[in-house]
Structures are given as structure tokens and as C-alpha cells.
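Engineer: Top to bottom, those sequences are chains V and E.
FYI, the numbering for the first sequence is 287 to 719, going by the working numbering.
FYI, the numbering for the second sequence is -3 to 231, going by the working numbering.
I should point out that these hints are in silico values taken from the structure, not numbers from a laboratory.
Be aware that a few hints might be false.
As the list claims (entries may be wrong) - Listed next, the in silico DSSO-like pairs over lysine-lysine satisfying Cα-Cα at most 27 Å (straight line):
no. : chain 1 : residue 1 : chain 2 : residue 2
1   : V       : 514       : V       : 304
2   : V       : 381       : V       : 540
3   : E       : 217       : E       : 46
4   : E       : 221       : V       : 304
5   : E       : 217       : E       : 152
6   : V       : 540       : V       : 514
7   : E       : 64        : E       : 21
8   : V       : 304       : E       : 64
9   : V       : 304       : E       : 58
Note that the structure is a prediction, hence the values are computed from the model and not measured.
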Amino acid sequence: MGVNFQRLDGRGTYDYRKITITFGIDRGCCHVQIGDTRVMAQVSCEVTTPKQTRPNEGLLYVNAELSPMAAPHFEAGRPSQQGVELGRCLERCLKESRCIDTESLCIMSGMKVWAIRVDVHVLNHDGNLIDACSMAAITALTHFRRPDVTVSGEEVTILSVEDQDPIALGVHHMPICVSFAFFHQGKYLLVDPNEMEERVMDGKMVIGMNKHRELVTLQLTGSMLLHKDQVLRCTQIASTKVQEMTKLIEEALKNDVHERATGGQFGSASSQDPSHVTSHVTTEKTMEEVDTEALRELARETVLKGRETDRESPGMTRAPDITLLGKQTGRIGEGGLSSWDVEDIEESEEDDVEMIADTNVKVVRETSHISKCLGIDSSEDSEEDVTETLAAHHLGVHESSRGASGDTTIDLTTALNQQKRPAPGRERGKVKR
Amino acid sequence: MAPKLGTLMFPGESIDDLKTDKNGKTILGPGLRRTYAAIHIIKAGILQFKEPNEYWIESPEKRYIATKGDSVIGIVTQRTGDAFRIDIGASEQASLSYMAFEGATKKNRPDVKVGDIIYARLQVANKDMEPELVCMDSTGRSNGYGVIRDGGFMIKCPLHHIRRILRPNCPLLKTLGDMMPYETAVGINGRIWVKGRSTIETITIANIISDSEHCSDSDMKTFVKSRVHALSGLH
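Whole structure, please, built from the sequences with the hints as guidance.
Structural biologist: This is the structure in C-alpha cells:
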């Protein structure tokens, strides 16, 4: 079997899917989307007693949750192997890289410190959870503000958000994980594997790195060994990816600050596409009472006015009213009632004309008048013959009538429809039901 | 007031004035529940109706619940003494007897390996028992069921999208078939197997099917055409 070197979604080897970062209404809530993978991180804080061994350091907890909402094969309750791997990877990426300044979380040495907790929920699983979760977690931590405290003697007062502006966490650097999927024992690699690619990969390497090219985490899973050069190459790729992602996060944060300051739209609800929820809603037409008598009167007036203006300017020809059809919206062979009508040409000149054809332009547009050509068709033996004679005849009529008045509409829909025969073997689409 | 069909409904809303059949009965499908006084919506979604008296709520779903008579696509995960174990995406794996194939006898066992894709029909499905599959119809003929061989590609789709594809008036598969030849098997458990003439065509068809989820029926033709034209630009 040949190898086609084609990813299912048409991406290149080193391409990420589209990354979107949005924030919630509350501080410390971040929503990251990589393609169809969605994760949400929420940061919270509370005051606790510190560890005996580190009396003047705050605490950081990282918790990852894989709920059955993300994918049917995730089970609620005890974390699966994948859940443990994800949680451990995030912990190493955030906690052990010491990216959060824990000493600034100390309120009273040995007595009271802030405990910061990051809960990462996977909302939809389409591969590459670790990258999405690490991005969401670090962005949420940067976005989070903890309330200010005052200490007087032994008494600690937590000031409400209204009294004192909340304080941002000290973020030293932003470590982000980049995943690589390996195939054929490390012969081929892919960046940002989606769910289907993850299913068939031999192994996976996760590199945690910040924008200063400092390596934070390196984890290899799967039954596969890698060459030294391959690992080095991956760190190179990871460093460029991390630069891009850090820039994206910084931009998103800056944008959020701006929107909050100016009172613009923020929060993840504004980033959702509502049409996806309602794409199959059939809106009922609301019935309104219409005064048909008034409408009829209006129509009569309009017609009368139109006749008067026509009489006023007998020599004037109307400016061509050309409707351009969008790309690939040509309506050839759409079926329906034919508007191919030779006899009606003279009458249709008086009607409202939708489109004007140059003699050398093929016209593709339905006119509104009702056809009578079905009778003509049945009187002939061959459909193809009818089409040709009619086409020639019609264009002749068209040219002469154009000379007379300048305005006419013809429709080649039927003609083209008849010429377009289904090619043999085209309809082989077999449907098993 | 008659219920608003085809509109978005939320849990807690109630509907009344439902249509009944000759015997004065109405069938309530998923998402609807009757209490003493009224009929309440219990999940968010779009209210649907089928003549003469069926109502249900349609909403995006990913988890399949086995139902008797459904045609599904499964993956063989295990071979046991007298049956295969098949993953059909439900809460439990289904079993498929060696004898449930056309022309199978005690001596003549079907050639099915672990990892094969199977198109089968659910013979037994209720909430307290393991679902059972068969690969033949009531007359003992295969009728299209059986192992799907010769490559192709299986993708997963949300269940509501699959149900829409299987609707008789859905233009998606028909329009695709007019543009390029392909083979397909659609399992109502959220899995579609497709095979085109080449790998790239197969990928295109699979992507078109999964991307058409939010495309309305009237836009479908244009959508499929533009995607297929984009493909021909690649060659």
C-alpha cells in the first residue's frame, strides 16, 4: 500500500489547528479551542495553612477532569489512564516549573497562605488534550486575580473586590506543552494530532517549554524508541510553536483587558456561534394582518405612475439592469417549470425585466412568466433536435427584438438542461442502509 | 395553543394541544415527559413531529443507545467461543454469533478477524441485557450486512447528523453520488464507512459528510459542489 502523505483535515505536518482563546465573565476562567477540542480552565483560591516544610510558600493544585461529556468512552469517577497522564503532565508543566510565584501567596508565615487551584475540564475531545489543557491552565492563571488582604497583628482581613482592586498572581513564565505523534517507529511525526491520528500513532512525545526556550517537561509515551536527533528536532519545532502560542495568549489577554476597560463584549458566550445551535430550527413565519385593499391601491397607483413616465419619455431606453450571479451559483439544469417560451417574448418585453443579455453572452436566469413549451417538446421526436432548433431560432428572435426595443430576457436553462445527459457510470453512488 | 414545531425548546417548558390518532393517542418520543397536568420538555432541543401523532425533541447527541432493528457499524474487539464481541459505541459491547452470517454452519465459520468493521442489525436490545447483532435478514440472506472489506474509511458523526443523513429527503449522499462514485455504509450508531476511488477522494467524502452538519438542505448542493471543485483544483 502506498503512502499518500496526506492528513485527514488537509493540514501540513507541522500545522496546528485553529486555536481560539476566550475568557469567562469571571476572572480566572479560560476557554481554549484547538479545532474541535475544547477545554475550560477555572482558577479559584482559598486561605489554608502552609506545609510544615515550606512555611512561607503558597500552594498550587492542578486538577484535570475528563468527563463523559468530552467523549463517550470517558467514564465519570476514578480517573482513567489517560486522565492520570493528563493530570500528571499538567502538574509537571505548571507546578514543577515553578512558573507561579508561590512565595507571594504567603499571608502569614507558617499560619496562613493562599492555595490556588486550577480545575481543567475537557468539554470536547478531538485529540491533543495536553496542549489545550496546558494552554488553558496557564492562561487562566495569568488572567486570575486574587483578593487583597491586610494583616494587622494576628488578624487577617480579606478585602472585598469593591474595596480594593484584586491582585494578579506572579507569573514568572508561561510554559506550554506541544505534542508530537510518531508513526512507523518514529519515522514520521505530526504536530497537534487529532483524535483519529492519536488512535493509530505508535508513540507520543510531549515537550513543555516557555518562550525563552527553557525546557520544562519532556515526556515520551507509547512503545517506541526515539533517536537523539529526532528529540532535538522536536524541541526546535516546539520552540517556534510555543513562541506563536505565547503571542496568541498575550494578545488574547490584552484584548480582554481592553474589552473589560471599555465595557465591550467579553466572556465566552460572545465567542460562540449561535447559528450552530439553531442551524436546523425552522422558523415559523409569523402571520400578520395585511390590509390587502390598501396594497391593491398602492399597486394601481404605481402602475399608473409608471405608465405616465413611460409616455413622458418615449425615446429613452432604460439602463440595463444587470444582476451578477455569484461564483458557482449558476442555475443550470435545476429542473422545475421551464420558462423557455418563444411566444411570450413579445409579451415579456412589457413585463419587468430582470436581466439583459448581450448577444454574445449566455443568459442564465429564470424569468417569472409561465412556460408553454412543454407542448412543443412533446410534438417533436428527439429532445436534442428540439433544443438546437429552438436555440438557433430563439437567438434570432432575440437579436431582432433587441434591435427593436433593447430589453428582453431569455432563458437557456431548459436548453442546457436537455443537453446535459447524465454520463454513464456517474450514478454509482451505492447506499447501504 | 398548538406546539411550535421546528423551534428551540428548553427544559421546563410545556406543550399542549397535541395531535392524536383515531384512538385519541399521542406518542411522546425522547425529550418529552407527561406529568399529571401537562407534557413537559425535559431536554433542550428542537421539537419535531411526525404524522399522525408522534412528537419528540431532537438535540445534538454523541452517545448511542442500542435500539432493536437498528442497522449499525461496529468494530470486532474479541473472538470468544461461539460469538464475536463488537463495539458499537453503546454503553456495552454487543455480541455477534458465529451462526448469524449467511450460509454459516458449525463447520463453515465466517472469516472475521479482530479489528474488522462489521455492518449488522441489532436483534436484541433492551436496557438489562447485552445487545445482540445479526448479519442477515429474516430470510437468512446477508442483504448487505457482513464484514466491510477492501479498505475505505470509517468516521464518527454525531447521532443527530446521522439521522438526518438517513432521512429519505436528505440531499447529501445523493448530491455526492452525482459528483463522484463512492460506496458507503451508514450506521445509525454514529458511524459512517465510505470508500471513494482514491485515498484523497475518500478523505474528501468523509470530510464533506462530517462538515455538512450545520448546512441546511437548500445549501447542501452548493456546499458539496464547492468542496468537490476545490478537490479537482488539487490534482
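Engineer: Now tell me if each hint is right for this structure.
Structural biologist: How the hints compare with the structure:
no. : hint             : in the structure
1   : V:514 with V:304 : violated (30 Å)
2   : V:381 with V:540 : holds (25 Å)
3   : E:217 with E:46  : holds (26 Å)
4   : E:221 with V:304 : holds (24 Å)
5   : E:217 with E:152 : holds (22 Å)
6   : V:540 with V:514 : violated (39 Å)
7   : E:64 with E:21   : holds (23 Å)
8   : V:304 with E:64  : violated (40 Å)
9   : V:304 with E:58  : holds (23 Å)
Hints 1, 6 and 8 from the list above are not met by this structure, while the remaining hints are.
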